[in-house]
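Build out the structure end to end from the sequences listed, making use of the hints.
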Amino acid sequence: MIEVNKDNFEDEVLNAQGVVMVDWWGPKCERCMELMPHVEELASKYRDKIKFCSVNTSGNRRLAISQKVLGLPAIIFYQNGQKIDEISGQEIEPEDIEAKIKQYAQ
Amino acid sequence: MEQVYDLLILGGGPAGLAAGMYGARARMKTAIIEKGKPGGQAATTEELENYPGFGRGTTGPRLTQAMADHAISFGAEFIKDTIVSLDLKSSPKRVVGKKGEYLGKAIIYALGAQPRMLNIPGEGKLRGKGVSYCATCDADLFEELDVVVVGSGDAAIEEAEYLSKFAESVSIIVIHDEGKVDANQVSFERAKQNPKLKWIWNSIVKSINGDELVESITLKNIKTGEESIYPINGVFIFIGTVPITNLLDGQIELNPQGYIITDNKMATSLEGVFAAGDVRDKYLRQVVTAASDGAIAAVAAEKYVHETELWDKEVINAAKPVLVVYYNPTDMAGTEKVGIVDRFVRDNYEHFSLVKVDATRNELVSRRYQIDINDLPKLHLFENGEVKQELPIDENKLMALLNSVSRR
Chain Y
-1 MIEVNKDNFE
9 DEVLNAQGVV
19 MVDWWGPKCE
29 RCMELMPHVE
39 ELASKYRDKI
49 KFCSVNTSGN
59 RRLAISQKVL
69 GLPAIIFYQN
79 GQKIDEISGQ
89 EIEPEDIEAK
99 IKQYAQ
Chain L
419 MEQVYDLLIL
429 GGGPAGLAAG
439 MYGARARMKT
449 AIIEKGKPGG
459 QAATTEELEN
469 YPGFGRGTTG
479 PRLTQAMADH
489 AISFGAEFIK
499 DTIVSLDLKS
509 SPKRVVGKKG
519 EYLGKAIIYA
529 LGAQPRMLNI
539 PGEGKLRGKG
549 VSYCATCDAD
559 LFEELDVVVV
569 GSGDAAIEEA
579 EYLSKFAESV
589 SIIVIHDEGK
599 VDANQVSFER
609 AKQNPKLKWI
619 WNSIVKSING
629 DELVESITLK
639 NIKTGEESIY
649 PINGVFIFIG
659 TVPITNLLDG
669 QIELNPQGYI
679 ITDNKMATSL
689 EGVFAAGDVR
699 DKYLRQVVTA
709 ASDGAIAAVA
719 AEKYVHETEL
729 WDKEVINAAK
739 PVLVVYYNPT
749 DMAGTEKVGI
759 VDRFVRDNYE
769 HFSLVKVDAT
779 RNELVSRRYQ
789 IDINDLPKLH
799 LFENGEVKQE
809 LPIDENKLMA
819 LLNSVSRR
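Sequence lines, in order, name chains Y and L.
Quick note: the first sequence uses the working numbering, first residue -1, plus one each step.
Quick note: the second sequence uses the working numbering, first residue 419, plus one each step.
Mixed in with the good hints, there may be bad ones.
BS3-like mimics (lysine-lysine), calculated; alpha carbons at most 27 Å apart, straight line [as the list claims (entries may be wrong)]:
id	chain 1	residue 1	chain 2	residue 2
1	Y	K100	L	K641
2	Y	K98	L	K455
3	L	K498	Y	K43
4	L	K455	Y	K43
5	L	K455	L	K517
6	L	K638	L	K614
7	Y	K98	L	K498
8	L	K517	Y	K98
9	L	K683	L	K731
10	Y	K100	L	K517
11	L	K774	L	K806
12	Y	K66	L	K583
13	Y	K100	L	K498
14	L	K683	L	K774
15	Y	K4	Y	K66
16	L	K455	Y	K100
17	Y	K4	L	K583
18	Y	K43	L	K624
19	L	K738	L	K796
20	L	K507	L	K731
21	L	K638	L	K624
22	Y	K81	Y	K66
23	L	K543	Y	K98
24	L	K516	Y	K43
25	Y	K81	L	K543
26	L	K641	L	K616
27	L	K498	L	K516
28	L	K543	Y	K100
29	Y	K4	Y	K98
30	Y	K66	L	K624
31	L	K755	L	K731
32	Y	K66	L	K543
33	L	K614	Y	K66
34	Y	K100	L	K516
35	L	K453	Y	K98
36	Y	K43	L	K616
37	Y	K98	L	K516
38	L	K616	Y	K66
FYI, nobody ran anything at the bench for these hints, they're computed from the structure.
Written as structure tokens, this is what we have:
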């Protein structure tokens, strides 16, 4: 999983080949912290299929807003610089994330 | 054979954690089932300064983590699972989760409450896009932005204060007349001194507007009927909570608002099922009262488990017919009558066994067999685990019973 910030978001996510999943999180977001180990597990399981990045929104607030992220946790899928899908909110479960990954894993 | 817990606690908020600590400390085999991290709603409350002994500077996540550690230190087990259904009437009681099934002799239902929604246009669509129910989770995303808080209760006012540390401005939308809020006066007085807080009185939110992110809200002044568009980046909604009881499926009694009705020992309408915390019909929903509920529920559940085991062994599964005499130990005349039964069983021990129940203390039995403690002593004949008949406490009647039994 690649830790992305405002300086390399464009290179790592928007200009990347194939599908990129970005896990938007924040240190105050309890649900994000809970999901994190699961997301990391999924990232290693599907590493050959999809690129996995994460953004700590604290310190990258403007980047978050530019990507329309105003609630955590948010899992957003990008392809060719475009947002193609997203799931967000306190209720998301690791299974929901995996289902989306499977959908985009080639 | 699946393992059976003495005590299964549903929900890992302050009520469940306190119950887990008390239950495990009383050496009951105790498990807490929680889908996420322990702490419940309290874990999403950043500033928590009214838990006794833990003043300014206490945070919800830290306090509830300490509660969880405390429960674990006495041997409570944590099961991370999402509950999908409950069979509370079976024995033992059965809890079905996504990952497995769990059996418990007693259940403490402590699933709490969740934020109430406004149910207005745009709210669902813009959730996570500027609409939030959790200031702790999302506040820092709103740095330099303008937000509104909807509501005027304790949570609304306290979370507005917290938001003001991040947001450029926080406008509090209050349905009441100017100067009137639902929150406690201490919080309100402090909030009034905060220059970042603005107050919008006599108003409700009609809709939340925006395509991809919140752009504005439509406000309505309930005095004048006037509607206006108020540009804003974030909408934080704190208009109370709704109890999480959808899993109960009518198995236990709720009040008209959907909260679980209990007695002062946290017992619900169903034997062996206790409720604790915000999900319960109660006067004050705070971390301290949730913890208190949990402690009471665990002690009551322990007594229930103990009484059930004893009753099953001595009465329900007894080989011989059992004469059960219910009495009140402070009633002298009554206890003398108990002596009649005592002597009768001693003389006829090959046919009967005797169980004496202090009906003023044994809640399980008094409740299950509807024993009126103002009408004691009372005598029941049990056979094959069931009440065969109620008998008057009288030597002649007992002799007649003996004749009918020995003739079989």
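Worksheet item: Holds or violated: K516 of chain L with K43 of chain Y, Cα cutoff 27 Å?
Response: Roughly 22 Å between the alpha carbons, so the hint for K516 of chain L and K43 of chain Y holds.
Worksheet item: Is it true that the CA of K616 of chain L sits at most 27 Å from the CA of K66 of chain Y?
Response: 26 Å, holds
Discussion item. What's the verdict on K738 of chain L and K796 of chain L, does the C-alpha distance respect the 27 Å limit or exceed it?
Written reply: Status holds; Cα separation ~20 Å.
Fill in: Straight-line alpha-carbon gap K638 of chain L to K624 of chain L, limit 27 Å
6 Å, holds
Item to complete: Decide if the proposed pair is consistent with the structure: K683 of chain L and K774 of chain L, CA atoms, cutoff 27 Å inclusive.
Response: 24 Å, holds
Discussion item. What's the verdict on K100 of chain Y and K641 of chain L, does the C-alpha distance respect the 27 Å limit or exceed it?
Written reply: 53 Å, violated
Fill in: Hint consistency between K543 of chain L and K100 of chain Y [alpha-carbon to alpha-carbon, up to 27 Å]
25 Å, holds
Worksheet entry | Given hint K517 of chain L paired with K455 of chain L - CA-CA distance at most 27 Å | Between K455 of chain L and K517 of chain L the Cα gap is close to 16 Å, so the pair holds against 27 Å.
Discussion item. Does K731 of chain L sit within 27 Å of K683 of chain L, going by the straight-line distance between their CA atoms?
Written reply: The hint holds at about 25 Å.
Worksheet item: Are the Cα positions of K641 of chain L and K616 of chain L separated by 27 Å at most?
Response: 19 Å, holds
Discussion item. With the threshold set at 27 Å, check whether the alpha-carbon distance from K638 of chain L to K614 of chain L stays at or below it.
Written reply: 23 Å, holds
Worksheet item: Between K100 of chain Y and K498 of chain L, is the straight-line Cα distance small enough, at 27 Å or below?
Response: Distance ~24 Å between K100 of chain Y and K498 of chain L Cα, so the pair holds.
Comparing the model with each earlier hint shows violations of hints 1, 18 and 36; every other hint is respected.
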